[in-house]
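A.B. asks: In the order they appear, the protein sequences are chains A and B.
For the first sequence, our numbering gives the first residue as 1, with consecutive numbering after it.
For the second sequence, our numbering gives the first residue as 1, with consecutive numbering after it.
Hints were generated in silico from the structure; no laboratory data involved.
All the given hints hold, so there is nothing to weed out.
Computed spacing ranges between beta-carbons, pair by pair:
1. A:Asn51 / B:Asp106: 19 to 29 Å
2. A:Val61 / B:Asp491: 48 to 58 Å
3. B:Asn608 / A:Ser66: 52 to 62 Å
4. A:Val61 / B:Thr526: 29 to 39 Å
5. A:Ala67 / B:Lys546: 33 to 43 Å
6. A:Val61 / B:Asn264: 43 to 53 Å
7. A:Lys29 / B:Asn264: 46 to 56 Å
8. A:Asn233 / B:Glu539: 26 to 36 Å
9. B:Lys546 / A:Asp65: 30 to 40 Å
10. B:Lys152 / A:Glu135: 48 to 58 Å
11. B:Thr526 / A:Glu98: 27 to 37 Å
12. A:Asp133 / B:Asp491: 56 to 66 Å
Some chain B residues judged to face chain A by a derived CB distance under 10 Å, without partners named:
13. Gly110
14. Lys472
15. Asn511
Just so it is clear, the structure is predicted and the values come from calculations on it, not from any experiment.
Even for Gly, the Cβ is constructed at its ideal location relative to N, Cα and C.
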Amino acid sequence: MKKTILLLTLMLFDVIIFADQKGEEIAKKCFDLLSSKDSYSVSTMLIIDKNQNKKVRKMEVFTKDSAEGTNSFIRFIEPADVKDTKFLTTAHKKSDDEQRLFLPALGKVRRISGSTKEEKFMGSDLSYYDMEDHEYEDFTYKYIKDETFNNMDCSVIEMYPVNTDTPYSKQTAWINKTDNFMYKVECYDKKSSNKIKTIIFTEIKKLSGVLIPTIIDVNNHKDLSRTVLKRDNIKINTGIKDDVFSLQNLTR
Amino acid sequence: MYFVIKHRIIIIITGILLAVFFGLFLHKLKKSAGIDSLIDRSTEHYRYYKETEKTFGKMETITIGISSEKTVFDKEVLKAIGELSDFFKNREEIEENDVLSLTTVDNMIGRDKELIVEPLVENYNDLSNEDLINIKKQVNENPLLNNRLVSKDEKSTLIIAGIITTITVVEEKFSKIINATYDKVDELKKTYQNVNFYVSGYSTSEGRITKFMTKDLIRLTPIALLVVMLILLFVLKELRTMILPIIVTVFSIIWTLSLKALLNTPLTISEIVIPVMLISICCAYGIHIIHEFFLYLQKNNEPKEAILKTMKILTIPTVLSALTTAIGFLSLISAPGISIRNMGLFLGFGVIVAMFYSLFFIPAILSFYKLKKTKKEHFEKIKNIKNKFKSNFFDFLSFIVIKYKYLIMIITFVLIVLVVISFFNIKYDTDPVSYFHKNDDFRLGTEHINKTMGGISDLYVVFDSEEENIIKDPKILKTMWELQKYTEKLDNVSFTFSITDYVRHINYVINDQNEIFRKIPDIKETIDVEKYSYINGKEIIKYEKKEVSGKEQVANLLLLYELGGGDVLTSIVNQNYSKACIHVIIRDTSTNALRILIKQLDQYIDKNIKLDNINIRYTNHYIRMIMTDNIVKSQINSLLTTLIAISILLIIIYRSFMYGLITLLPTFIAIMCNFIAMWIFNVPLDVGTSVIASIGIGVGIDYAVHLRQRFKLNYLKYENYKIAVKNAINESGPGILSNAFAVGVGFLILTFSSFRIIFDIGWIITLSMFTTSFSALLVLPSFILIVKPKIKK
Numbered sequence: 001m002k003k004t005i006l007l008l009t010l011m012l013f014d015v016i017i018f019a020d021q022k023g024e025e026i027a028k029k030c031f032d033l034l035s036s037k038d039s040y041s042v043s044t045m046l047i048i049d050k051n052q053n054k055k056v057r058k059m060e061v062f063t064k065d066s067a068e069g070t071n072s073f074i075r076f077i078e079p080a081d082v083k084d085t086k087f088l089t090t091a092h093k094k095s096d097d098e099q100r101l102f103l104p105a106l107g108k109v110r111r112i113s114g115s116t117k118e119e120k121f122m123g124s125d126l127s128y129y130d131m132e133d134h135e136y137e138d139f140t141y142k143y144i145k146d147e148t149f150n151n152m153d154c155s156v157i158e159m160y161p162v163n164t165d166t167p168y169s170k171q172t173a174w175i176n177k178t179d180n181f182m183y184k185v186e187c188y189d190k191k192s193s194n195k196i197k198t199i200i201f202t203e204i205k206k207l208s209g210v211l212i213p214t215i216i217d218v219n220n221h222k223d224l225s226r227t228v229l230k231r232d233n234i235k236i237n238t239g240i241k242d243d244v245f246s247l248q249n250l251t252r
Numbered sequence: 001m002y003f004v005i006k007h008r009i010i011i012i013i014t015g016i017l018l019a020v021f022f023g024l025f026l027h028k029l030k031k032s033a034g035i036d037s038l039i040d041r042s043t044e045h046y047r048y049y050k051e052t053e054k055t056f057g058k059m060e061t062i063t064i065g066i067s068s069e070k071t072v073f074d075k076e077v078l079k080a081i082g083e084l085s086d087f088f089k090n091r092e093e094i095e096e097n098d099v100l101s102l103t104t105v106d107n108m109i110g111r112d113k114e115l116i117v118e119p120l121v122e123n124y125n126d127l128s129n130e131d132l133i134n135i136k137k138q139v140n141e142n143p144l145l146n147n148r149l150v151s152k153d154e155k156s157t158l159i160i161a162g163i164i165t166t167i168t169v170v171e172e173k174f175s176k177i178i179n180a181t182y183d184k185v186d187e188l189k190k191t192y193q194n195v196n197f198y199v200s201g202y203s204t205s206e207g208r209i210t211k212f213m214t215k216d217l218i219r220l221t222p223i224a225l226l227v228v229m230l231i232l233l234f235v236l237k238e239l240r241t242m243i244l245p246i247i248v249t250v251f252s253i254i255w256t257l258s259l260k261a262l263l264n265t266p267l268t269i270s271e272i273v274i275p276v277m278l279i280s281i282c283c284a285y286g287i288h289i290i291h292e293f294f295l296y297l298q299k300n301n302e303p304k305e306a307i308l309k310t311m312k313i314l315t316i317p318t319v320l321s322a323l324t325t326a327i328g329f330l331s332l333i334s335a336p337g338i339s340i341r342n343m344g345l346f347l348g349f350g351v352i353v354a355m356f357y358s359l360f361f362i363p364a365i366l367s368f369y370k371l372k373k374t375k376k377e378h379f380e381k382i383k384n385i386k387n388k389f390k391s392n393f394f395d396f397l398s399f400i401v402i403k404y405k406y407l408i409m410i411i412t413f414v415l416i417v418l419v420v421i422s423f424f425n426i427k428y429d430t431d432p433v434s435y436f437h438k439n440d441d442f443r444l445g446t447e448h449i450n451k452t453m454g455g456i457s458d459l460y461v462v463f464d465s466e467e468e469n470i471i472k473d474p475k476i477l478k479t480m481w482e483l484q485k486y487t488e489k490l491d492n493v494s495f496t497f498s499i500t501d502y503v504r505h506i507n508y509v510i511n512d513q514n515e516i517f518r519k520i521p522d523i524k525e526t527i528d529v530e531k532y533s534y535i536n537g538k539e540i541i542k543y544e545k546k547e548v549s550g551k552e553q554v555a556n557l558l559l560l561y562e563l564g565g566g567d568v569l570t571s572i573v574n575q576n577y578s579k580a581c582i583h584v585i586i587r588d589t590s591t592n593a594l595r596i597l598i599k600q601l602d603q604y605i606d607k608n609i610k611l612d613n614i615n616i617r618y619t620n621h622y623i624r625m626i627m628t629d630n631i632v633k634s635q636i637n638s639l640l641t642t643l644i645a646i647s648i649l650l651i652i653i654y655r656s657f658m659y660g661l662i663t664l665l666p667t668f669i670a671i672m673c674n675f676i677a678m679w680i681f682n683v684p685l686d687v688g689t690s691v692i693a694s695i696g697i698g699v700g701i702d703y704a705v706h707l708r709q710r711f712k713l714n715y716l717k718y719e720n721y722k723i724a725v726k727n728a729i730n731e732s733g734p735g736i737l738s739n740a741f742a743v744g745v746g747f748l749i750l751t752f753s754s755f756r757i758i759f760d761i762g763w764i765i766t767l768s769m770f771t772t773s774f775s776a777l778l779v780l781p782s783f784i785l786i787v788k789p790k791i792k793k
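Looking at chain A on its own, in the form it has when it is part of the complex (with noise of 0.2 Å):
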């Protein structure tokens, strides 16, 4: 009798272990694909409350690889009372990034320091940590299944947070299993468990060889809002030069 339940343990584990690698291996495949060094695109971000009001920001944004990460600059444009705002975040490996806001009516530049990783990024459903690049060491992987997702065959994994700082207690990506791009995350909460925002990448382009996604859906569970992010007029490594993410250019 021992010997059995030994034995069926033994094959459960092997389960276990299996599923492990195999959402690895998705997951690994997924994180090495070919990302673009700079960008340049004017989003336009929809951002609908729980009562239907909606709010439009459109902005240009311009990033940057460097050895520290990756850096950005944003110009609004829409709404007319913040045209010309301009948000430059100085990435910063050993430290946190550091973001710096022009206001053209005040005719200053502050810093602003203290927004953590769960906050609303620009009042939309998506949070700092979400527009942040992650590594493959960031998780660990289970593979749960295969499902089809918006006709596409793809491999469902669950991804745990190595790092205790993070909004989500696990979040369940979608990878087709073609092109290996994540098409879809659902979000958990970490205190509660509950899903608190599903993430859609509805529509994706390719350029020089990057999957770039063009619309991005946020639905927030918890705050019953959404947020559709487009990005129109991409270009990629067009050689944008580091003086872009300056002061100076930031009162220009």
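Using the hints provided, position chain B relative to the given structure of chain A.
C.D. replies: Same frame as chain A, now just chain B:
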């Protein structure tokens, strides 16, 4: 009735089975203490209340007052606050971002061209004396915290936790979090003995009401049954039959509460009186039938014969009595709130059920009854003693009526005048805090918070427009700010807060905490624009003068706040800045205080504020005032409905307008005497007491009907008013008084309730039974003797 005797076994079995069947649904009965059940949901005020709730979030919270003898800037106090705040943050019923306390709040400071949004208290478990001084300094410098989250004397503070909007008061989760809060606070009280905790907030009051409702139901129903049993034993002198009216009442309660469960309408605060009321009122039908049945048995009738004769006499009075009572209850369906409406509807239903059981079930069982010989002699003996006492007392009553009929009329007239005076002097109030007894923990806690921390009542003054971004206009913001300044000077207002406080504070912070900038930008502002450049790798800043619009500056300030990590504006402004809310925190929970405040605000707004495209509207706490006003209207409505319906019923039955009116009038006046009592004892007209008049008339009219019936029979026999009145008092008096006594004592049970408002219903209806029975025995006969109406055969 032959039908009943013929199918008696089927009737008995069906009666029991139906009650058992309904009983199966009892456990599904839900309880609710939400304000929604008390408000007329069809009004514009309610629609707006719900709309604002959607825009600015849930309005009701759990509020904990924390105080210390010395200061709240103390390691132990902050640790207690931190622990309790973490408790709330980790509960699934609480919105994590909706826990406001000294240990959860972020503070915004400006330093060296940097905007820092950071927790006011970093780690409450490890605070140094230096940290405490720093926290105190930051609170004092931040007008969003000082005198709001921390009291002026620094001895009190608050923890405010919002329950997730999707959890409604009828759900188990709601009671669970309220109970857990009390448990946690009890636990903390033991650990932190120098810290005082006061649990309050409208959510807590709702949760506590729900809890007490269950307690009341479990406690009051058996007491009422026991008391009525004792009265029945006293009246019927027999255990076997005594149980019958009790069974009928219990069955009618089961039917009524199960119907509520089946229709999925939760039991609300005013409805906890349903079982006790049904017990008190419905037992009477059975008593009359059994009493009359005994009389026939004593006259050597067989049980079947006795019950047939009994029912021949009593069917019509029982139906009439039940119908008038049911009308009294049903008239409450004109009330504005669903709570009172349902109470009337279901009580009416219960009475009708009891009537049917009394007319079919009791006779079916009594037909099996056999009277023992010894019992018969026992009855005779008691009857003789009782009769002697009764005839002396009622002879005296009829003597008074005949001799002093005019004096009785004068006294009645004086009472009418007093009723009118009292009606205009009575307090109309809906103060959920006063639902509780004076020594109740919640009431004490709320009173403490009202005294030290500004209060739990939040009036919303909404600047409402369809135009996007209009709220960012400095003109609007300055108007709001002026209104806030005016409001804060008024009595009972502790403080106000709105988007203006944030704009002023962010402006101050971004301008390196320079007090000059603690203001709302002007329509046009001249600024120095920073221009960065690098010369030889060195950062150089030059300044350029520029004129900008104040509205854009406000937009910039708010964007800075949002991007800087601030996220609490949802309760004060909507997403597209077309609506903003001024929260006016009032230290008095009564609607009377609010009425005065609204009047002053109306005057100020009329005189000083002229804005295009913006309406200024009140809501939230304001809805309680509207509710109170509606209660007064509904009191008059339901009284009129009762009067008209009962008049029509009596006129049809008596086929005489005069008789209908003469029978009704004394009861009406007697009921109106409630208002004198309420005036003298300072009992406000609220959701509880507003139902008394309608119920009182429905129950009390029976006495007048009985007397009038006996008077008619006697008049037809003797054709003399005086003899007919004297005999009518003698014959109907004992029945009227014993019934009034039984019902009155039954209602008195309600004084054991955990709620002050139910306590008031209890004693006032008991008083009504006294006044209506005596008015039937004194005022009605005097009326008849003076008016001398014609009697039709």
